[in-house]
Structures are given as structure tokens and as C-alpha cells.
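S.K.: If you read the sequences in order, they're chains A and B. 273 is the number that this note's numbering gives the last residue of the first sequence; the numbers go up by one with no jumps. 262 is the number that this note's numbering gives the last residue of the second sequence; the numbers go up by one with no jumps.
FYI, nobody ran anything at the bench for these hints, they're computed from the structure. For glycine and all other residues, C-beta sits at the position ideal for the given N, C-alpha and C. Don't take every hint at face value.
Unchecked claim - For each label pair, taking beta carbons as the anchor points, the in silico distance ranges come out as:
hint	chain 1	residue 1	chain 2	residue 2	range
1	B	137	A	132	39 to 45 Å
2	A	190	B	133	35 to 41 Å
3	A	119	B	133	57 to 63 Å
4	A	202	B	259	26 to 32 Å
5	A	10	B	193	54 to 60 Å
6	B	33	A	30	47 to 53 Å
7	A	272	B	33	48 to 54 Å
To be verified - Heads up, incomplete: computed chain B residues facing chain A, CB under 7 Å, no partners named:
hint	residue
8	100
9	105
10	200
Listed below are the residues making up each chain.
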Amino acid sequence: MNSITHDPVAPLRREWQRHTPAQRISRWLVWLVCVAAVVWAIRSIDIIPEFLADAPEQMGDMLVRMWPPDLSHYYPEVHNALIETLHIATLGTVFCFVLAVPLALLAARNICTIRPLNALAQLGLVASRSVNSLVWALLFVAIFGPGAAAGVFAIAFRSVGFVGKLLAEALEEANPGPREALRAAGAPWGAEMLKGVWPQVQPAFWGIALFRWDINVRESAVLGLVGAGGIGLVLDDAINFFQWERVSTVLLAILVVVLLAEIVVNRIRTRLI
Amino acid sequence: MTAAPRAAAPASGTVLQIKGLVKEYAAGKPVLKGIDVAVPAEGITAIIGPSGTGKSTLIRCINRLVEPTSGSITLHGAELTGLRGRELRLARRRIGMVFQEYNLVERLTVMENVLSGRLGYVPLWRAWLRKYPEEDIQRAFMLLDAVGLPEHATRRADALSGGQRQRVGIARALMQRPEILLADEPTSSLDPRTAVEVLELLTRLTAAEGVPVIINIHNVDLAKRFARRIIGMSGGSVIFDGPPEELEQHHLRAIYGGEDWL
């Protein structure tokens, strides 16, 4: 009779909470650590207030000096350096695949079933990625002397880690079914790879190659700063001699090339996939 | 044709002899508990049984996609267990296989999928350059005609329907000129009508080529309709082995358990 005041299912009601109290505390702790890290970082970089205050003024001043760009400076010096940059990026990408494909095959756990070899290949890939391309360039300038050869090797060694990792992931994602079918037909290992695996990773392979070439065009533009050839050399000279209208020419040239590379890569990629 | 000399069959009319086959994925927990089966040299032998009872494992032990723990499997009297490397490859190319999920190479053409049944025979450079022997190409065309896909040779496998893909799978397996064909749930991903059509095709083509078939199948009615011999498995053991006419309700109850579903 007192069905309104008395709720018969009340004892059966269950409370739902998204997080347990322990989870809630740990989530707060994560936030606290994040905030502390940012505060610590800001305190440690030692911003000099005066420099910060006149930064807009300095920037405006630089832009005025850069304008108008000295376009007559473009040919032949900047042009030739630009072409050299493209060559460094292209050769570096091609050479990187020579190293990255075997490493990726060793790193992919469905291809190479020997665990220590997987780990070794992973280590090689991580090592390649952990060194910045400018540092690789410094090393190869020390070995080959200044010039484009050092640039090519720097680009290749920096790219191996990136390309090898993505390639190994693509290999591991390949459907094992077709391989199993070919193995069941008595196909040797090489044929299994060639006809069962390669067709599956082919789109990823070309996608990675184009993407890395695109990145390498940008990376090789700065290699000249450490003497490894390309347009960075011209840029470095211009900055050192305070020829700002030449600096802006170089920057514009880089921008145009990067834009063109982006457009070309996108065109090809849509065709491929 | 394969010119390799074959060992004489031990018992007349038996192509494949399985004795005491045991498979343990985890030690002490056998999935197959001592299977003894003799597969006749012609017609379809169907293996029925509930999911997880080891039908697939049994079929995969034959071509060593799964490594048996113990026991013996002989094809035309030649032992298959214990083969390694090149010998295993040569044995595998005598055994065709058709899969539930077709396992075609999606981004290759139908023709190349069929020709890949010859990968155990042709040297790698031929496969790489797609320079398969003329004889193989003609046989591939013939098989595509036989499975009813003559005009699909240059289409990519991922453009085909399920039934069409399984037809390509059958053509690929027959491309090996196998001495026996294994079919692991070949119709489980297909609609009922396509399933019957694919089984009819499989029966007709293997009979024409004189290839005996071992087929794993969930559908008991289809098994009875197409098989000459039925093997009922339950809990990793064979509990029925005989012609379809002898398979009765109490056998099915023993194989699948329960009775409400009958």
C-alpha cells in the first residue's frame, strides 16, 4: 500500500562508479606529475625577461632585412644546392632501404622466429632512430670529410630505424593465411615470402618509401649546417654573413620544394592505395 | 604429371594411414588422443564433430602445418611424420589443401593464385618473373574453366565473392596434382546454396582427377550427402567410422552430446 514511500527494490540498487578510489588517486597523481614537470621545465630554461620583451621587435627587424628576397641570388648557387639536396634525399632513401629491409625481416617476429635475432634487429633500429640526422651527419663528415656523401649516409642511417620499424610492423600485420596455403603447397621459404608476404606489404612498402623521402627532403635541407652538403650550406653562409635577403631566398626555395614534394607524394600515394 | 616413383600402397584401397596419432599443444593435455584412421583411395571422407574436438588439428597434422606429438601418418606407405626441410616440402606438394577462409593472396590475380599451387615445383626465379611453364599455364586455364571462372583469370582475388574465392582455392589445390586433398571447413563461410555448389564441384573435379578427399565439415546433412565415409570425432577420439547410411541418431548424440537439438 505504501508503494510510493517505500521502494521495495532499494536494497537491490547497485551503485556504479567508473573508477575505484585507488584509480582515482592514481589519476590525480598523474596530473600532479604533469603539472610539476611543466613548472620545473619553465623554471629551468632561464628566460631572460629583457630578451623576451624585445623579441617581437627583433623579429620585425629581421623580417624587414629579409625583404625583399634577393631572387637574383637564386641561380646558380641556391639552385645547384637545392638539386644537390634532392639528390641527397633520394639516394639516402634508396640506400636506407638496402639496410632497412633485412633488418625489418629480422625484427618481424612472424618472419624470423629466433627471438635473440629479433631483439638484436630491434636494437639496431632503435639505435638508428636515437641519433639525430645532424649528429649522424657530424659523424659521417668526420669519416668522409665535408660534402654530399656524408649527407647521403647521414640520411640513410637516420632513416633505417624509421623505415625498418614501420616495415617490420607491416610484416607482422600480414595475414598468415596465404602464407600457410603456400607452405601447404610445398613452396620454399623464398616463394612463400615472394608470393605470400610481399603482395600484402607492397602498399605499405611504397607508402613508407614515399613518406620517408618526403621527410628526407626536409631533413637534408639542414644537413649543410654541419657541412654535409646541400642547401643548408648556402643557408649557413648567408646567415654567417648577415645577408638576410639571401637567407629569405633560400628559405623560400626550401618551402617551395617541400610543398612540391608533398603534392607529388600525395598524388602518387592515392594512385598506389 | 609427377614422375616420382611412389611406394606401393600397403593395404589395397588405402591412400593415407593414420596410427596412434597424438597431439598435445600443452604437455599432458592431448587434443588428439590416439587417432587410428585409414583413408580410402577414392571418394570423400568427411570428419564431423563439435568445435574444438581436434578435427582441424587432425587435418593439419597430415601436411604438418601442425606438428604431431606422436603417432604415424603414411601417404602411399611413406611416413610423413619426422620429415624435415626439402623432404617435407616434396611431401607437402603431393597433398593439396583447401581452407575455410580461402587463404588466397588477395592482391594477386586469380590466375596467379591458381599458379601459386605450382610453387613447390617451379624454381624461384620463374615465380619472381611470373614465367611459369607453358604447361602449367594451360592447366591453370583448364582448371579455371572447370571451376566455372574462365573469364576471371585477370581479376584480383579480392574482387571475388566467397564462393568464387573457394573455387579458386580448389583450382589452386588441384594445380599441385595432389595425391590427396585436405579440405578444412571449406564451406563454413559460404551461404547454404553456394556451399552445396562448391561441394558438388569439389566432388566432381576430384573424382575426375582421381584424388581422394578428407573434409572437415560442420554440416552433418552435407557430410551424409557428399561423403562415402564418415568419421565422427568427439573429445579428441574417433567414435564413429563408417558409411553415411550407418550414421544414426544415437551416434550423433554420442558425437555432439545432448539431444534437444536433434
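S.K.: Confirm or reject each hint.
M.R.: Here's how the hints hold up against the structure:
For the pair residue 137(B) and residue 132(A), the supplied restraint of 39 to 45 Å is violated, since their beta-carbon distance comes to about 53 Å. Here the CB-CB span from residue 190(A) to residue 133(B) is close to 18 Å, at odds with the stated 35 to 41 Å. A beta carbon spacing of about 43 Å between residue 119(A) and residue 133(B) contradicts the range 57 to 63 Å that was offered as a hint. At about 53 Å, the CB distance of residue 202(A) to residue 259(B) disagrees with the hint of 26 to 32 Å.
Hint check: residue 10(A) to residue 193(B), Cβ distance near 56 Å, so the stated range 54 to 60 Å holds. Distance hint check for residue 33(B) and residue 30(A): the Cβ-Cβ separation is about 52 Å, which falls inside the suggested range of 47 to 53 Å. Distance hint for residue 272(A) and residue 33(B): a CB-CB separation of about 51 Å, consistent with the stated range 48 to 54 Å. Given the 7 Å rule on beta carbons, the hint for residue 100(B) is violated: about 9 Å separates it from the nearest Cβ of chain A.
A hinted interface residue such as residue 105(B) counts as satisfied when its beta carbon comes closer than 7 Å to some beta carbon of chain A; here the least separation is about 4 Å, so the hint holds. Interface hint status for residue 200(B): violated, as the beta-carbon distance to the closest one in chain A is roughly 23 Å, over 7 Å.
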